[in-house]
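Chemist: Produce the complete structure using the sequences and hints provided.
Letter by letter, the sequence shown follows residues 1 to 243 of the working numbering.
It is worth saying that the hints were derived from the structure and are not from the lab. This list has only true hints and no planted wrong ones.
Below 30 Å or equal to it, Euclidean Cα-Cα: the simulated DSSO-like pairs (lysine-lysine) are:
hint	residue 1	residue 2
1	Lys-140	Lys-107
2	Lys-89	Lys-107
3	Lys-140	Lys-89
Okay, the calculated beta carbon distance ranges per label pair:
hint	residue 1	residue 2	range
4	Gly-197	Gly-163	41 to 51 Å
5	Gly-111	Pro-196	26 to 36 Å
6	His-41	Val-209	17 to 27 Å
7	Val-209	Val-59	11 to 21 Å
From a predicted model like this one, the values you see are computed outputs, not experimental measurements. No residue lacks a Cβ here, since even glycine has one placed at the ideal position from N, Cα and C.
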Amino acid sequence: MFHKGVNVRNARLVTAAIAATALAWASDAYAGQVAFHLDDHFSGLGTPEGTLSATISDVAPGSVMITMDATTFSGPWGVNIGRWWFNSKEDPTTFAFEYQAASSGPKAEQGIHTAFNPSAPANQFKPDRDGYFDILFDFKPTGANGTVFQPGEVVNYLVQGVGITAETFNLLSDHTVQGAGPNGPFTSVARLTGFPGGVAAFLGADDAVVTGDVAPVPIPGAALLFGTSLFSLGFLRRHRAHA
Numbered sequence: 001m002f003h004k005g006v007n008v009r010n011a012r013l014v015t016a017a018i019a020a021t022a023l024a025w026a027s028d029a030y031a032g033q034v035a036f037h038l039d040d041h042f043s044g045l046g047t048p049e050g051t052l053s054a055t056i057s058d059v060a061p062g063s064v065m066i067t068m069d070a071t072t073f074s075g076p077w078g079v080n081i082g083r084w085w086f087n088s089k090e091d092p093t094t095f096a097f098e099y100q101a102a103s104s105g106p107k108a109e110q111g112i113h114t115a116f117n118p119s120a121p122a123n124q125f126k127p128d129r130d131g132y133f134d135i136l137f138d139f140k141p142t143g144a145n146g147t148v149f150q151p152g153e154v155v156n157y158l159v160q161g162v163g164i165t166a167e168t169f170n171l172l173s174d175h176t177v178q179g180a181g182p183n184g185p186f187t188s189v190a191r192l193t194g195f196p197g198g199v200a201a202f203l204g205a206d207d208a209v210v211t212g213d214v215a216p217v218p219i220p221g222a223a224l225l226f227g228t229s230l231f232s233l234g235f236l237r238r239h240r241a242h243a
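Modeler: Okay, here's the thing in structure tokens:
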């Protein structure tokens, strides 16, 4: 016998539980972060004081936040971050980059340059003798006040692309290209300018710290669970109709 109150209540509980699980799985799939610690002074006549860091965090399906952090970098006085390089396992020419107003540092006023070759993913932009990269944030100052990426500042960019996660950017610079030089490979590099005498310096990160779940695998599972919940509810409703 079909007991209306009990079975309807059970159907709702089953649906809510499975839907909650699906949403939790979907959320976990985009909770990953990849961090680069730029502490290897490998080239340039300038002597940097402090280090830089970059983090790529999953924020939604196909969306990550790139944070370029100079809060642990102190100079010397007058030194700024001119350029910052990253790699990508996917074609960055298809990505959309959006500067975040909450940043304390400036936009990449000279542009965000991207290039990609599927047979050699990191092959276009070459910092001083350390390999080739796919993405270049060019902060080179134009001379106007407030355009320089200074020590103590943070710059955030929202990056969107089909299927990308934080792990998409966890890739070492390519040293298979002729002329890549002896330094590296690195996951990220920054060029520092403004040293006395007009010299520069380069800081690189040779590894990455990965936290959370950066694999998008749970998403199909979440969709399956959600579909199962809908099927369960429909089955119970049909059972009620024929009781």
